[in-house]
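Engineer: Numbering of the sequence shown is given in full-length UniProt numbering, commencing with residue 1 and proceeding in unit increments.
Fair warning: there could be bad hints in the mix.
Restricting the straight-line Cα-Cα distance to at most 27 Å, the calculated cross-link-like pairs of lysine-lysine (DSS-like) are [as the list claims (entries may be wrong)]:
#1 Lys533 to Lys23
#2 Lys230 to Lys302
#3 Lys72 to Lys51
#4 Lys23 to Lys92
#5 Lys517 to Lys533
Simulated DEER-style distance windows between Cβ atoms [as the list claims (entries may be wrong)]:
#6 Arg237 to Val41: 53 to 59 Å
#7 Asn310 to Arg269: 28 to 34 Å
#8 Ala152 to Ala227: 30 to 36 Å
#9 Ser221 to Phe478: 34 to 40 Å
Derived by calculation from the structure, the hints in this document are not laboratory data. Where is the CB? At the ideal position from N, CA and C, for every residue including glycine.
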Amino acid sequence: MASDSPAGAAASAAPPKQPPPEKPSETRRRSYIVLSFWLIVLVLGLPIWWKTTTIYRADLPLDRMLQWADGKACRPVFPLRISVRADALPEKDAQHLVQLTQHAIDDLNDFPGHHLRLQLDPRRDGDADKAPIKGASVDEPALTIHLAPGEATSATLNPQAPVLDMTYVPKEVPSVNAASSTLASYIADQLQKTFDEEKSIISYLLSASAMSSGGRRHALSPEDADALAKRTTKSLRYAPTYHLTFSLFTDGAVPNSWDVDRALDDYLRPMLDVLRPIHNFTIDTQVQLYATPGVQSQVLGKEHLASFINAAEWPLSPSIGDAPTVNFVVFVGNQTIGIDSGAETSQSWMIPQWGTVYLLSLPPTATHVSAETLRQPMLTFGGHLLSLLGTPRSGSLPLRLSTLARIRSTDLLLRAASSLGSLARLARALPSIAIPRSVADGVSKSMHHLERACSSLGGPEGLLHARIAEEEAERAFFEKSMVGQLYFPDEHKIAVYLPLLGPVGVPLVLGLVNELKNWVRRRKQKAAEARDKKAQ
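Kindly generate the complete structure, drawing on both the sequences and the hints.
Structural biologist: And the structure:
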């Protein structure tokens, strides 16, 4: 058989037939193709990918932002100018009394951030000084002291203006050479009492932040701190505008009308006009018949007040725009508020951060609520509105409102600084988070107005700049494009890129590896051929 012959054995032992050798031009062409793909990826693809996927991070002054948050960039100081009018005293005696009073105030002051600076008012003719001070100029004093001789030493706050009317016994006036005076000590003590509540509130606000005045604060007893904490909890968060809703609810078909516009104009708008430098207000009214309260008991106890409002059926107006709503409800019915013994104690109660409910008793046949009937409800609403806004309780209304402006300035200043600190810590903790240019602009504006607010906390400009600083800081911190990056971790990025880069990257890498192997093999072959020629 053929398989037994030598020729057949030789044929079966022959190596398999190899493909024809690759031409050098084809080898170079394949190398150029692989190289061109890699050049496109490296020169064009990677820069485009880097440019389109790089997260933009605007430069932020992180150290400065943290300094604001830690209280190192600003020490809240309230320089309050106190004007002293003593026309009955010779000018030298009056000036000396002011100096002695200033020394006494400095000795009594335990809150360095509250600087009361007395200044003798220039002499005036006539009764121009009797005009009320309607305030909003930086040059106007925080308080004016009118000194006049009398039979006894006394002090009374003017209810119409930030004026402290004081009488003194002429023999108590210190001589020019006197080093101390009981009258000066009395004036200093009255000033301390006048501004004591303001110092307590500001000190309480500072105690919750890193900012302090020289490391010392006005001493607060545990009882005072607890009372201030409750007041802060009840108060509304600051807003430049509030929406006031006045609602008349009745459990029957009457009364079905009320003279609310006239009542607002007579009893509430004067106070709102005084508050206008601090807050703006919008007002709407409504009447709702057959409104069933959530509690049917005739005498309401404290445990009933929380569920009296029937939120499911009472169409209370919602907030309009960005302004928070304050609700004032007049409910006409036969219910009263009582204590455990059943004795009537009040016709109204205030709901923290919400508003007020007033229980109004009317004859069953009354179909209309007159403005005079609404007088007491409106006065009650006005008082509760001041409480909801965080207005101090002591002092005359003009003085309480000027104090409210300084308290709001402090609160806004602290909140803006806290927001900047939170934003700085967020930017450092998340290097991959985007920081758009708008955030950097907002931070810059906020810090600019913070500096101006810090330098003018005692005046009306301080509130304006603190308000702008807080708005810009809040807008920068809650930037939508930046917040979205918080929910896009690195693991998510890998899961997105792998399905796209895998099918493209594997052929490129394998092609490059094969070309490198072929290149190394060719180099070895050329080296071997060169050695063989040299050996021959």
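Engineer: All hints are to be evaluated individually against the structure, with a verdict given for each.
Structural biologist: Cross-check of the supplied hints:
{"no.": "1", "hint": "Lys533 to Lys23", "in the structure": "22 Å, holds"}
{"no.": "2", "hint": "Lys230 to Lys302", "in the structure": "17 Å, holds"}
{"no.": "3", "hint": "Lys72 to Lys51", "in the structure": "39 Å, violated"}
{"no.": "4", "hint": "Lys23 to Lys92", "in the structure": "116 Å, violated"}
{"no.": "5", "hint": "Lys517 to Lys533", "in the structure": "24 Å, holds"}
{"no.": "6", "hint": "Arg237 to Val41: 53 to 59 Å", "in the structure": "55 Å, holds"}
{"no.": "7", "hint": "Asn310 to Arg269: 28 to 34 Å", "in the structure": "30 Å, holds"}
{"no.": "8", "hint": "Ala152 to Ala227: 30 to 36 Å", "in the structure": "33 Å, holds"}
{"no.": "9", "hint": "Ser221 to Phe478: 34 to 40 Å", "in the structure": "38 Å, holds"}
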